[in-house]
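Engineer: Heads up: the protein sequence lines correspond to chains A and B, in order.
In this text, residue positions in the first sequence follow the numbering used here: the first is 1, and each later residue adds one.
In this text, residue positions in the second sequence follow the numbering used here: the first is 414, and each later residue adds one.
Keep in mind that the hints were calculated from the coordinates and are not lab data.
Check before you lean on any hint, since a few could be wrong.
Stated by the list, open to error - Dumping the calculated EDC-like pairs for lysine to aspartate or glutamate here, alpha-carbon to alpha-carbon at most 16 Å:
{"#": "1", "chain 1": "A", "residue 1": "Lys197", "chain 2": "B", "residue 2": "Asp515"}
{"#": "2", "chain 1": "A", "residue 1": "Lys197", "chain 2": "B", "residue 2": "Glu672"}
{"#": "3", "chain 1": "B", "residue 1": "Lys511", "chain 2": "A", "residue 2": "Asp307"}
{"#": "4", "chain 1": "B", "residue 1": "Lys475", "chain 2": "B", "residue 2": "Asp515"}
{"#": "5", "chain 1": "A", "residue 1": "Lys294", "chain 2": "B", "residue 2": "Glu657"}
{"#": "6", "chain 1": "B", "residue 1": "Lys511", "chain 2": "A", "residue 2": "Glu11"}
{"#": "7", "chain 1": "B", "residue 1": "Lys599", "chain 2": "A", "residue 2": "Glu5"}
{"#": "8", "chain 1": "A", "residue 1": "Lys294", "chain 2": "B", "residue 2": "Glu672"}
Quantities reported herein were computed from a predicted structural model and do not represent experimental measurements.
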Amino acid sequence: MVHGELWTAKELFVYPNEYIYWSIQIVMYPFMTGLVAGAFVLSSLYHVFGIKQLKEMARFALVFSFALLFIAPMPLLFHLLQPFRGINVFMTPHFTSAIAAFGIVFSAYGAIVASELWFVYRKRFVDIALALRNKQDRSLWESIQYLVYCTLTLGSYDVSEEALDKDHKAIKILAAIGIPVACFLHGYAGFIFGSVKANALWMTPLMPVIFIMSAIVSGIALCMLTYILIMEIKKLLASRKSLSRSSLYQSKEEIKGVEINVVRMTARYLLFFLVFAISLELLDLVFRGYTAVKSWDVLRSVIYGRDFTDIFILQYGIGNLIPLILLLLPRITIKRALLSVSLILFGVFMMRYNVVIGGQAFSLTFAGYMHYHMPIVPYNWETFKEGLAGALFVGLMPFPLFWFFNKLFPVFD
Amino acid sequence: MISRRNLLKNTVRIIGGIALPLSAFRIIDPKEIFAAYNDGTKVRWVFLVDTYKCVGCGMCVKACKLENEIPYDANVTRTWVERYVLTKDGNVLADSPKGARDGFTNPRIDLGLGQYADIKPAEIDKAFFVPKLCNQCDKPPCVQVCPVGATYQVPEGVVLVDRTWCIGCGYCIMACPYGVRFFHPKYHTAEKCTYCYHRITKGMTTACVAACPFGARRIGNIKDPNDPVTKIIMTERVGILKEEYGTKPQNYYIGLSKEVK
Numbered sequence: 001m002v003h004g005e006l007w008t009a010k011e012l013f014v015y016p017n018e019y020i021y022w023s024i025q026i027v028m029y030p031f032m033t034g035l036v037a038g039a040f041v042l043s044s045l046y047h048v049f050g051i052k053q054l055k056e057m058a059r060f061a062l063v064f065s066f067a068l069l070f071i072a073p074m075p076l077l078f079h080l081l082q083p084f085r086g087i088n089v090f091m092t093p094h095f096t097s098a099i100a101a102f103g104i105v106f107s108a109y110g111a112i113v114a115s116e117l118w119f120v121y122r123k124r125f126v127d128i129a130l131a132l133r134n135k136q137d138r139s140l141w142e143s144i145q146y147l148v149y150c151t152l153t154l155g156s157y158d159v160s161e162e163a164l165d166k167d168h169k170a171i172k173i174l175a176a177i178g179i180p181v182a183c184f185l186h187g188y189a190g191f192i193f194g195s196v197k198a199n200a201l202w203m204t205p206l207m208p209v210i211f212i213m214s215a216i217v218s219g220i221a222l223c224m225l226t227y228i229l230i231m232e233i234k235k236l237l238a239s240r241k242s243l244s245r246s247s248l249y250q251s252k253e254e255i256k257g258v259e260i261n262v263v264r265m266t267a268r269y270l271l272f273f274l275v276f277a278i279s280l281e282l283l284d285l286v287f288r289g290y291t292a293v294k295s296w297d298v299l300r301s302v303i304y305g306r307d308f309t310d311i312f313i314l315q316y317g318i319g320n321l322i323p324l325i326l327l328l329l330p331r332i333t334i335k336r337a338l339l340s341v342s343l344i345l346f347g348v349f350m351m352r353y354n355v356v357i358g359g360q361a362f363s364l365t366f367a368g369y370m371h372y373h374m375p376i377v378p379y380n381w382e383t384f385k386e387g388l389a390g391a392l393f394v395g396l397m398p399f400p401l402f403w404f405f406n407k408l409f410p411v412f413d
Numbered sequence: 414m415i416s417r418r419n420l421l422k423n424t425v426r427i428i429g430g431i432a433l434p435l436s437a438f439r440i441i442d443p444k445e446i447f448a449a450y451n452d453g454t455k456v457r458w459v460f461l462v463d464t465y466k467c468v469g470c471g472m473c474v475k476a477c478k479l480e481n482e483i484p485y486d487a488n489v490t491r492t493w494v495e496r497y498v499l500t501k502d503g504n505v506l507a508d509s510p511k512g513a514r515d516g517f518t519n520p521r522i523d524l525g526l527g528q529y530a531d532i533k534p535a536e537i538d539k540a541f542f543v544p545k546l547c548n549q550c551d552k553p554p555c556v557q558v559c560p561v562g563a564t565y566q567v568p569e570g571v572v573l574v575d576r577t578w579c580i581g582c583g584y585c586i587m588a589c590p591y592g593v594r595f596f597h598p599k600y601h602t603a604e605k606c607t608y609c610y611h612r613i614t615k616g617m618t619t620a621c622v623a624a625c626p627f628g629a630r631r632i633g634n635i636k637d638p639n640d641p642v643t644k645i646i647m648t649e650r651v652g653i654l655k656e657e658y659g660t661k662p663q664n665y666y667i668g669l670s671k672e673v674k
């Protein structure tokens, strides 16, 4: 069977070679990079602009962004028909292609996040390494830990006041450089689509900007979601342990107070970017309808007809409008915030879906349609990686990775 | 403290210092020197399709599949034939079942999803066939977007794919406005019509041209003024497909109609 034939149903006049070649993993790819970029921008708001209320969130967002960073290229690898040749992008980058920049932008961004993370946690590495060094009879586990932390210090053991000051300066500079690079990382993901002139739905110069805005929205939303969930777990633990070792742990009320404060502050920024993202998307839609070029007939039939539920009900309605109202209403509560950020994440995912799959829902002939049927139950490698299972795998991987990184870079100390 | 005068002076110096060696690079671009002395090549392959002569027998598709080892039953093909049927009530119907590999033996129009349209001959205003293949564009968007440079244009204008280097991302497939590209079912890399490059470089004609019983397909060298194909393109009225994308396609069509997609 031809690649793509399995999940594509053709209707009316479609060229023989046309299939939905870019499927669910290509939906996941901008979604995941968007989360990376968004989480980083959120952390930079504190480091660069000194927004103190975001301090608690900043470290968390940075570590989470780092965890997501490792997952972001995974959907691309899943999507490639020759995954083992993926390295070719680094070896012979062909710079007239938007994808060729991936290697460079991605590694540059990774280096920035990694070094910023190192500066933030350097003191901790040194402290632990020194404590373990002075310890007499180390157990095997402690020896391993000692080795790991010694490596992590990179041989720099200076934790004097001046050295730490320099660290802070470096963090600020890195975070400042990181914002445009993060925007570039994701803006260029938008460029990959926006520059395809053969695709009537994708081709718009607004695409990179729309992608950046929705990226920041989704990044902040995911950070809030994870933050709230972790705080809830901590509250649960606190209420259990409050009887025995109350002095060691924060009390439930303390956590609650901090939590609602952080959530309230972050929600304000989320709202700002959300309004921006929605305006841009609507501008694009209005502009297409107003100019109504050759492709508009088929686009209109897709946007207002075939994909109406996906676009206007799932994306704009449930994913944008409802959370917008929920966030705008006064006296926000944790439950309401949790619901809104979950809906926003869903909305951004649907936006990616409607761009990637929607862009292939009509034929290059403008006289036919293609329907996408995502493989749900995997029965071979292809139906796994290009189906629901592969998408879920990619979507859930950041969490165990974050759990692991949290051991090295504890975010809540 | 640096004075304003010095700052400006140094700025000019630095910009000048950087610009000079960079401009030298530009002056001695070997490609330009080569082009100045030599046109590069004496050949630019182009294709000429006479739609009046096409009867939709599908011999070209069959020949192409066999010649270029595209699995015979796979629903992808390097070349195909489209059928257009315009009814008296203004409807335009078109199809290309299996790329017309077996010809158009059935008068019913394939609407996809297992449905067909039965059009009575009396209802038809006009109907015709249009063979399609890669346009070997002068400005190929597929070459532009390949992230690893696995697809490239040879000096004679034909666009080829390196099966040993293609990563299978599908960006070129997305970038082609003509839908000529697909993934090879066996090699799992991007695949496309090459004007039978392995044949035309040896003085033969393409498989589809050789197989066409009616002379609807012809290949020629646009740089040779005595080539019969060139003469037709230069002196008769010919059309190209999807000019608006700016890809400068090199397949010329006689008898192109506005309904052709």
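Engineer: Hints first: check each against the structure and report whether it holds.
Structural biologist: Verification of the hints:
no., hint, in the structure
1, Lys197/A - Asp515/B, "violated, 33 Å"
2, Lys197/A - Glu672/B, "violated, 21 Å"
3, Lys511/B - Asp307/A, "violated, 28 Å"
4, Lys475/B - Asp515/B, "holds, 8 Å"
5, Lys294/A - Glu657/B, "holds, 10 Å"
6, Lys511/B - Glu11/A, "holds, 14 Å"
7, Lys599/B - Glu5/A, "holds, 14 Å"
8, Lys294/A - Glu672/B, "holds, 13 Å"
In the structure shown, a violation is registered for the earlier hints numbered 1, 2 and 3, in ascending order.
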